[in-house]
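Colleague: Going down the list, the sequences are from chains Y and X. The opening position of the first sequence corresponds to residue 1 in the working numbering, with each subsequent residue numbered one higher. The opening position of the second sequence corresponds to residue 1 in the working numbering, with each subsequent residue numbered one higher.
Please note that a few of the clues may not be correct.
Think about it this way: if two alpha-carbon atoms lie no more than 30 Å apart in a straight line, the pair counts; the simulated DSS-like pairs of lysine-lysine are [as the list claims (entries may be wrong)]:
| no. | chain 1 | residue 1 | chain 2 | residue 2 |
| --- | --- | --- | --- | --- |
| 1 | Y | K217 | Y | K87 |
| 2 | X | K51 | Y | K26 |
| 3 | X | K88 | X | K59 |
| 4 | Y | K23 | X | K59 |
| 5 | Y | K217 | X | K51 |
| 6 | X | K123 | X | K62 |
| 7 | Y | K204 | X | K59 |
| 8 | X | K62 | Y | K26 |
| 9 | Y | K14 | Y | K45 |
| 10 | X | K88 | X | K62 |
| 11 | X | K51 | Y | K23 |
| 12 | X | K62 | Y | K217 |
| 13 | X | K51 | Y | K204 |
| 14 | Y | K87 | Y | K23 |
| 15 | Y | K26 | X | K123 |
| 16 | Y | K217 | X | K123 |
| 17 | X | K88 | Y | K23 |
| 18 | X | K123 | X | K68 |
| 19 | X | K51 | X | K62 |
| 20 | Y | K23 | Y | K45 |
| 21 | Y | K14 | Y | K204 |
| 22 | Y | K87 | Y | K45 |
| 23 | Y | K204 | Y | K87 |
| 24 | Y | K217 | Y | K127 |
| 25 | Y | K26 | Y | K45 |
| 26 | Y | K23 | Y | K10 |
| 27 | X | K59 | Y | K127 |
| 28 | Y | K23 | Y | K217 |
| 29 | X | K62 | Y | K204 |
| 30 | Y | K26 | X | K59 |
Just a sample of chain X residues kept apart from chain Y, beta carbon distances all over 12 Å, derived [said to hold, decoys possible]:
| no. | residue |
| --- | --- |
| 31 | P16 |
| 32 | R33 |
| 33 | Q38 |
| 34 | T39 |
| 35 | E66 |
| 36 | Q67 |
| 37 | K68 |
| 38 | L87 |
| 39 | I90 |
| 40 | Q104 |
Treat the hints as calculated values from the structure; they're not laboratory data. Please read these numbers as outputs of a predicted model, since none were measured by experiment. Note that CB positions come from ideal geometry on N, CA and C, so glycine has one too.
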Amino acid sequence: MIEISDIRKKFRRKHVLNGVSFKVEKGQITSLIGLNGAGKSTILKAIMGLTPVDGGSIRIAGQPITHDIYHTVAFIPDRLTMPGSMKLRDGLQFMADFYPRWNPERAEDLMSFFRLERSERIGRLSKGTAAKFNLVLGMAQDVDYVLMDEPFSGIDMFSRELIAEVFTSQLVEDRGVLITTHEIRDVEHLIDRAVLLMEGHVIKDFNCEEMREAEGKSVIDVMREVYRP
Amino acid sequence: MNNEEWPEAVFNSRDPVYLQVVRHFKELIVTGRLTAGQTVPSRRELATRVKINPNTAQKAYKEMEEQKLILTEGNSPSRITSDTATLKAIRSELLGEAVEAFVQSVRRLDAPVDELVELVREKYTGAAGQPDGKAGGA
Numbered sequence: 001m002i003e004i005s006d007i008r009k010k011f012r013r014k015h016v017l018n019g020v021s022f023k024v025e026k027g028q029i030t031s032l033i034g035l036n037g038a039g040k041s042t043i044l045k046a047i048m049g050l051t052p053v054d055g056g057s058i059r060i061a062g063q064p065i066t067h068d069i070y071h072t073v074a075f076i077p078d079r080l081t082m083p084g085s086m087k088l089r090d091g092l093q094f095m096a097d098f099y100p101r102w103n104p105e106r107a108e109d110l111m112s113f114f115r116l117e118r119s120e121r122i123g124r125l126s127k128g129t130a131a132k133f134n135l136v137l138g139m140a141q142d143v144d145y146v147l148m149d150e151p152f153s154g155i156d157m158f159s160r161e162l163i164a165e166v167f168t169s170q171l172v173e174d175r176g177v178l179i180t181t182h183e184i185r186d187v188e189h190l191i192d193r194a195v196l197l198m199e200g201h202v203i204k205d206f207n208c209e210e211m212r213e214a215e216g217k218s219v220i221d222v223m224r225e226v227y228r229p
Numbered sequence: 001m002n003n004e005e006w007p008e009a010v011f012n013s014r015d016p017v018y019l020q021v022v023r024h025f026k027e028l029i030v031t032g033r034l035t036a037g038q039t040v041p042s043r044r045e046l047a048t049r050v051k052i053n054p055n056t057a058q059k060a061y062k063e064m065e066e067q068k069l070i071l072t073e074g075n076s077p078s079r080i081t082s083d084t085a086t087l088k089a090i091r092s093e094l095l096g097e098a099v100e101a102f103v104q105s106v107r108r109l110d111a112p113v114d115e116l117v118e119l120v121r122e123k124y125t126g127a128a129g130q131p132d133g134k135a136g137g138a
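Make a model of the complete structure from these sequences and hints.
Modeller: Okay, here's the thing in structure tokens:
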């Protein structure tokens, strides 16, 4: 489990995170939902140790964050960070060279699932194709947790559908997946938990099936209540 | 039914997905696309086929086991029940629900029952002749 307790962060004098707490359980897909600027990406970066927090704690399987985190957690940022001059095959080789948990067979499966061409240059990929390759780089690591920052943002509907299919496969089984999104329609049926952020606070944290069962509300219904009072 | 041609399931966002999956199975049983004793896909296969989270597939199978819709013995794959009473009950359940919904919506119009029955007969037998009755389907 990734346990985020009361984390706080200020940028200059603005409080971006105001005591945020929630958990990411293994074997579940948790979605961090919030309007732009709610602090979603900052939370992911904080979990990865890429940005310092001013207070609170983050523990993974009970342990504070250390360099070893990269053996346990994969981070898929909101854009591909590989140099554009590289070919996809070079990108895969880079991962194999530097990431000890890289799983080449899994990468192979994902490359064919997304129909990606190894000889293509990263810099020439369309936005949707780049998002797919970005996902390959993260999902092909044998790690317990995967964090994804806006995997659906700004890409065409068919690419989004294909990416959503990853959430129905064994790629997510037994892992803890944390995804940030504001395009919840793409994954509404697929997520186990929704954590709603507003102004640096968690204002709602619920199991989606239980919400449907107990109150007959979709995730979007709850979002409307919360964000449009 | 061959698992490769598993029919598409469309889910709404307000009912629990696992119960919608159970309902999907019931419809397949009532329409004869799943038959008594037939093996069903593993929960993993089902998740991929109907595009749901593997946890939801697991929950749906658990619910179907509790309702005695499917049987799982040891490590062998789950099967549709062969119990005729259960199978009959599923059919009455689905028909009952559909008729109930129909009655609720026409009751407001206060039409005489004979007229309704005649209209239903006309519409129903008419529609059966044209399988492409997709008008308004989204």
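Colleague: Could you run down the list of hints and mark each one as holding or not?
Modeller: Each hint tested on the structure:
For a cut-off of 30 Å, the pair hint linking K217(Y) to K87(Y) is broken: about 46 Å separates their Cα positions. Simply put, K51(X) and K26(Y) have alpha-carbon atoms about 20 Å apart, close enough for the 30 Å limit, and the pair holds. The suggested pairing of K88(X) with K59(X) holds, with an alpha-carbon distance near 24 Å, which does not exceed 30 Å. Only pairs whose Cα atoms come within 30 Å are accepted, and K23(Y) paired with K59(X) is accepted, the gap being roughly 21 Å.
A distance of roughly 21 Å separates the Cα atoms of K217(Y) and K51(X); the hinted pair therefore holds under the 30 Å criterion. Restraint check for K123(X) and K62(X): not satisfied, since their Cα atoms lie roughly 38 Å apart, outside the 30 Å limit. Annotation: proposed proximity of K204(Y) to K59(X) holds, straight-line Cα distance about 24 Å (limit 30 Å). A distance of roughly 20 Å separates the Cα atoms of K62(X) and K26(Y); the hinted pair therefore holds under the 30 Å criterion.
Using a Cα cut-off of 30 Å, the hinted pair K14(Y) and K45(Y) holds, with the two alpha carbons roughly 18 Å apart. Restraint check for K88(X) and K62(X): satisfied, since their Cα atoms lie roughly 21 Å apart, inside the 30 Å limit. The hinted pair formed by K51(X) and K23(Y) meets the criterion: a straight-line CA distance of about 25 Å does not exceed 30 Å. Pair hint K62(X) plus K217(Y) holds up; C-alpha atoms about 23 Å apart against a cutoff of 30 Å.
Between K51(X) and K204(Y), the direct Cα distance comes to roughly 26 Å. Compliance with the 30 Å bound is thereby established for this hinted pair. Note on K87(Y) and K23(Y): the hinted pairing is violated, with a Cα-Cα distance of about 37 Å set against a maximum of 30 Å. Straight-line distance between C-alpha atoms of K26(Y) and K123(X) comes to about 52 Å, which puts the hinted pair past the 30 Å bound. Simply put, K217(Y) and K123(X) have alpha-carbon atoms about 34 Å apart, too far for the 30 Å limit, and the pair is violated.
Taken as a hint, the K88(X) and K23(Y) pair is broken in the structure, with Cα atoms around 45 Å apart against an allowance of 30 Å. The suggested pairing of K123(X) with K68(X) is violated, with an alpha-carbon distance near 35 Å, which exceeds 30 Å. For the hint pairing K51(X) with K62(X), the CA-to-CA distance comes to about 18 Å; that is within 30 Å, so the pair holds. At roughly 16 Å between alpha-carbon atoms, K23(Y) and K45(Y) fall within 30 Å of each other, so this suggested pair holds.
Using a Cα cut-off of 30 Å, the hinted pair K14(Y) and K204(Y) holds, with the two alpha carbons roughly 22 Å apart. The straight-line distance between the Cα atoms of K87(Y) and K45(Y) is roughly 27 Å, inside the 30 Å bound, and the hint therefore holds. Our distance criterion of 30 Å between C-alpha atoms is broken by K204(Y) and K87(Y), whose separation comes to about 43 Å. Pair hint K217(Y) plus K127(Y) does not hold up; C-alpha atoms about 33 Å apart against a cutoff of 30 Å.
For the proposed pair K26(Y) and K45(Y), the alpha carbon gap of about 19 Å is at most 30 Å, so the pair holds. With a C-alpha separation of about 22 Å, the suggested pairing of K23(Y) with K10(Y) holds against the 30 Å cut-off. Taking the CA atoms of K59(X) and K127(Y), the gap is about 36 Å. The hint is violated against a cut of 30 Å. For the suggested pair K23(Y) and K217(Y), the alpha carbons sit about 22 Å apart, so the restraint of at most 30 Å is met.
Simply put, K62(X) and K204(Y) have alpha-carbon atoms about 28 Å apart, close enough for the 30 Å limit, and the pair holds. Restraint check for K26(Y) and K59(X): satisfied, since their Cα atoms lie roughly 17 Å apart, inside the 30 Å limit. At the 12 Å boundary, the C-beta of P16(X) falls inside the reach of chain Y, the nearest C-beta of that chain being 4 Å off. Residue-level check passed: R33(X) sits 21 Å from the nearest beta carbon of chain Y, beyond 12 Å.
Chain Y leaves Q38(X) outside its interface by the beta-carbon criterion, the shortest separation being 23 Å against a cut-off of 12 Å. In this structure T39(X) is separated from chain Y by more than 12 Å, as the shortest Cβ-Cβ distance comes to about 20 Å. Annotated as non-interface, E66(X) keeps its C-beta farther than 12 Å from every C-beta of chain Y; the closest such distance is 15 Å. Residue placement check: Q67(X) keeps its beta carbon more than 12 Å from all beta carbons of chain Y (closest about 16 Å).
Once the 12 Å rule is applied to beta carbons, K68(X) is consistent with being away from chain Y; the minimum gap is 21 Å. Residue-level check passed: L87(X) sits 26 Å from the nearest beta carbon of chain Y, beyond 12 Å. At roughly 21 Å from the closest C-beta of chain Y, the C-beta of I90(X) stays outside 12 Å, upholding its exclusion from the interface. The non-interface label for Q104(X) is consistent with chain Y: the shortest C-beta to C-beta separation is roughly 17 Å, beyond 12 Å.
Of the hints listed earlier, those the structure fails to meet are numbers 1, 6, 14, 15, 16, 17, 18, 23, 24, 27 and 31, in rising order.
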